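S.K.: Sequence:
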Amino acid sequence: MTPTAMSMFFTSLAIGTILTLSSFHWLVAWIGLEINTMAILPMMTKTPHPRAIEAATKYFLTQASASALMLFSCLINALQTGEWGMNTPPSMMTNPLSLALTMKLGLAPLHFWLPEVLQGISLPTGLILSTWQKIPPMILLFQISAHISLTLMVILSLTSILIGGWGGIGQTQIRKIMAFSSIGHLGWIILILKFNPQLSIFSFALYIIMTTAMFLSLIMLSSTKMSQISTSWTKNPALTTTAMLILLSLAGLPPLTGFLPKLLITLELVKQNMVIFATLTMLASLLALFFYLRLTYIITLTLSPNTHSSLTLWRANTKPYVMYSIISTMALTLLPLAPTILLM
Numbered sequence: 001m002t003p004t005a006m007s008m009f010f011t012s013l014a015i016g017t018i019l020t021l022s023s024f025h026w027l028v029a030w031i032g033l034e035i036n037t038m039a040i041l042p043m044m045t046k047t048p049h050p051r052a053i054e055a056a057t058k059y060f061l062t063q064a065s066a067s068a069l070m071l072f073s074c075l076i077n078a079l080q081t082g083e084w085g086m087n088t089p090p091s092m093m094t095n096p097l098s099l100a101l102t103m104k105l106g107l108a109p110l111h112f113w114l115p116e117v118l119q120g121i122s123l124p125t126g127l128i129l130s131t132w133q134k135i136p137p138m139i140l141l142f143q144i145s146a147h148i149s150l151t152l153m154v155i156l157s158l159t160s161i162l163i164g165g166w167g168g169i170g171q172t173q174i175r176k177i178m179a180f181s182s183i184g185h186l187g188w189i190i191l192i193l194k195f196n197p198q199l200s201i202f203s204f205a206l207y208i209i210m211t212t213a214m215f216l217s218l219i220m221l222s223s224t225k226m227s228q229i230s231t232s233w234t235k236n237p238a239l240t241t242t243a244m245l246i247l248l249s250l251a252g253l254p255p256l257t258g259f260l261p262k263l264l265i266t267l268e269l270v271k272q273n274m275v276i277f278a279t280l281t282m283l284a285s286l287l288a289l290f291f292y293l294r295l296t297y298i299i300t301l302t303l304s305p306n307t308h309s310s311l312t313l314w315r316a317n318t319k320p321y322v323m324y325s326i327i328s329t330m331a332l333t334l335l336p337l338a339p340t341i342l343l344m
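Each residue of the sequence shown is one higher than the last, beginning at 1 in the UniProt record's numbering.
Treat the hints as calculated values from the structure; they're not laboratory data.
Quick caveat: nothing in here was measured; it's all calculated off a predicted structure.
Note that the Cβ used here is the ideal one computed from N, Cα and C, for glycine as well.
Watch out, some of these pointers could steer you wrong.
[Unchecked claim] Ranges of calculated distance between the beta carbons of each label pair, as one might list FRET restraints:
{"id": "1", "residue 1": "335", "residue 2": "75", "range": "42 to 50 Å"}
{"id": "2", "residue 1": "150", "residue 2": "326", "range": "32 to 40 Å"}
{"id": "3", "residue 1": "173", "residue 2": "57", "range": "18 to 26 Å"}
{"id": "4", "residue 1": "339", "residue 2": "27", "range": "13 to 21 Å"}
{"id": "5", "residue 1": "82", "residue 2": "290", "range": "45 to 53 Å"}
{"id": "6", "residue 1": "109", "residue 2": "85", "range": "25 to 33 Å"}
{"id": "7", "residue 1": "238", "residue 2": "12", "range": "32 to 40 Å"}
{"id": "8", "residue 1": "85", "residue 2": "18", "range": "35 to 43 Å"}
{"id": "9", "residue 1": "228", "residue 2": "1", "range": "18 to 26 Å"}
{"id": "10", "residue 1": "25", "residue 2": "231", "range": "34 to 42 Å"}
{"id": "11", "residue 1": "228", "residue 2": "333", "range": "26 to 34 Å"}
{"id": "12", "residue 1": "169", "residue 2": "263", "range": "22 to 30 Å"}
Using the sequences provided together with the hints, build the complete structure.
M.R.: The structure is reproduced here in structure tokens:
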């Protein structure tokens, strides 16, 4: 793909996201989401492989269905209230609109497209799909958080946390593991959306930082399977160690960054007298902790830390990665911000 085409697609992604984020009109927000969808499809199919074509087709059909449901909900809402604004009072179409946005995010039980699509595309495109493409629907959910159904959000979040952990246990493909990790993390994020939208957005920002750091590690190690990442220690020990720590941060273990959103969300649930739901979410997240620890074990403890036996050194690209250094540092060391956030 030529640089001109890539720059055009990236510009379209940015325009679609900015259009959705800055809109107060449902039709304009819908147009921004459609621009985003159309811009990423050529990036998915830039590798002419049947798996990539299949992934792009599944992604297009799912996003088209969600967009149709969203547009239908907005039309019925405009017919009832006479307004297209996002600050209109809640109506009977709020729940279908929320379901359409959660389908775009890939939340369970509307998650079936995400692991298959992420498995069929390249790691850089998977990074965009797991981070940038989730920003517009998440912001739209944030804007209607005062009107969404608490029961619906709790059911979707608990289902997502459970399936995000359960689905990743038997996987050997790292892209599918990252897909189920995304489902689980988004379940934590929307659980608190009704009570504390600001905390939900903060947790979403931390999710983007950690996921970006993990995908950049996989790109630099050129690893898409467990068998490949298990031999990465001999290629680049420092990068492999960083990838292991980022995995533990995604698992939510202290004293890493990933522990911060789980801590704050659990405290907020206890404050809202939802101790049972807090207990259920923590128990369900133990399933995800299992496959994170298994992947960490495979990376660091299955091979002795010796050099490669071949005469030609097989090393990762050694040019400086300033962005990776910044992102990985943020993905590991933001926990000391917790007292400051609690005082805000």
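S.K.: Hint by hint, note whether the structure agrees.
M.R.: Here's how the hints hold up against the structure:
no., hint, result
1, 335 <-> 75: 42 to 50 Å, "45 Å, holds"
2, 150 <-> 326: 32 to 40 Å, "37 Å, holds"
3, 173 <-> 57: 18 to 26 Å, "19 Å, holds"
4, 339 <-> 27: 13 to 21 Å, "43 Å, violated"
5, 82 <-> 290: 45 to 53 Å, "52 Å, holds"
6, 109 <-> 85: 25 to 33 Å, "30 Å, holds"
7, 238 <-> 12: 32 to 40 Å, "37 Å, holds"
8, 85 <-> 18: 35 to 43 Å, "19 Å, violated"
9, 228 <-> 1: 18 to 26 Å, "25 Å, holds"
10, 25 <-> 231: 34 to 42 Å, "52 Å, violated"
11, 228 <-> 333: 26 to 34 Å, "28 Å, holds"
12, 169 <-> 263: 22 to 30 Å, "24 Å, holds"
Checked against the numbered hints listed earlier, the structure breaks hints 4, 8 and 10; every other hint is satisfied.
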